[in-house]
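Novice: Taken in sequence, the protein lines are chains A and B. Following our numbering, the numbering of the first sequence begins with 1 at its first residue and continues without gaps. Following our numbering, the numbering of the second sequence begins with 116 at its first residue and continues without gaps.
Just so you know, not all the hints are guaranteed correct.
[Stated by the list, open to error] Footprint (simulated), chain B over chain A, 3 or more residues, beta carbon under 8 Å: (1) 29-35; (2) 40-52; (3) 69-77; (4) 88-95.
It is worth saying that the hints were derived from the structure and are not from the lab. By construction, the Cβ of each residue, glycine as well, lies at the ideal position given by its N, Cα and C atoms.
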Amino acid sequence: KNQVEQSPQSLIILEGKNCTLQCNYTVSPFSNLRWYKQDTGRGPVSLTIMTFSENTKSNGRYTATLDADTKQSSLHITASQLSDSASYICVVTGVPSGGSYIPTFGRGTSLIVHP
Amino acid sequence: DVKVTQSSRYLVKRTGEKVFLECVQDMDHENMFWYRQDPGLGLRLIYFSYDVKMKEKGDIPEGYSVSREKKERFSLILESASTNQTSMYLCASSEAGTANTGELFFGEGSRLTVL
Chain A
1 KNQVEQSPQS
11 LIILEGKNCT
21 LQCNYTVSPF
31 SNLRWYKQDT
41 GRGPVSLTIM
51 TFSENTKSNG
61 RYTATLDADT
71 KQSSLHITAS
81 QLSDSASYIC
91 VVTGVPSGGS
101 YIPTFGRGTS
111 LIVHP
Chain B
116 DVKVTQSSRY
126 LVKRTGEKVF
136 LECVQDMDHE
146 NMFWYRQDPG
156 LGLRLIYFSY
166 DVKMKEKGDI
176 PEGYSVSREK
186 KERFSLILES
196 ASTNQTSMYL
206 CASSEAGTAN
216 TGELFFGEGS
226 RLTVL
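Turn these sequences into a full structure, and let the hints guide you.
Specialist: Below, the structure is given as structure tokens:
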């Protein structure tokens, strides 16, 4: 069964500090991996997409990495801001044998940034 | 700007009532999804649809049904609401086809409380 595991479950850091969130998956064959940010009371919004051939991708202060061999991804946040407080969800999409792409969701990491 | 609109942000219903959650997207997407999100469990797929009048069960379809009469609209129906259906409901849409990057566009969510 396809699974996506995220760690840690929750994280508290001080404003200005860096942090790294982890994602391990068993989805196969692999199509892409996305990190979503979900602010409290809102719907998730895509931050980055990683495909099989990509190792690193940045979006401002967010940098995602992918190791397709070990089936691991990380999301690194640099110089955290209060607005980074949110849930970060790792979503992996496999290659369907037929029909459409159905993504598999991790349970998310809840990040709190304190001033 | 792409948009997925959910008709109600907050609903309070009584046990046994019939509940309709409406979702409309303006991106001409083929795929539409309904998820529920509960603390510690992440997003779980209830139903999805990859075409008008087509529907497929997700991971937790029990107690729910859906309707997709038009491409832009996907409705989630709780025939007889129960307290264990108290949750945040998220609608999403995505493009179809082999070139699909898998990005989901989410609505703002509908928080349903069943008393």
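Novice: Decide, hint by hint, whether the structure agrees.
Specialist: Going down the list of hints, with the structure as the test:
no., hint, in the structure
1, 29-35, "holds (count 3)"
2, 40-52, "holds (count 7)"
3, 69-77, "violated (count 0)"
4, 88-95, "holds (count 3)"
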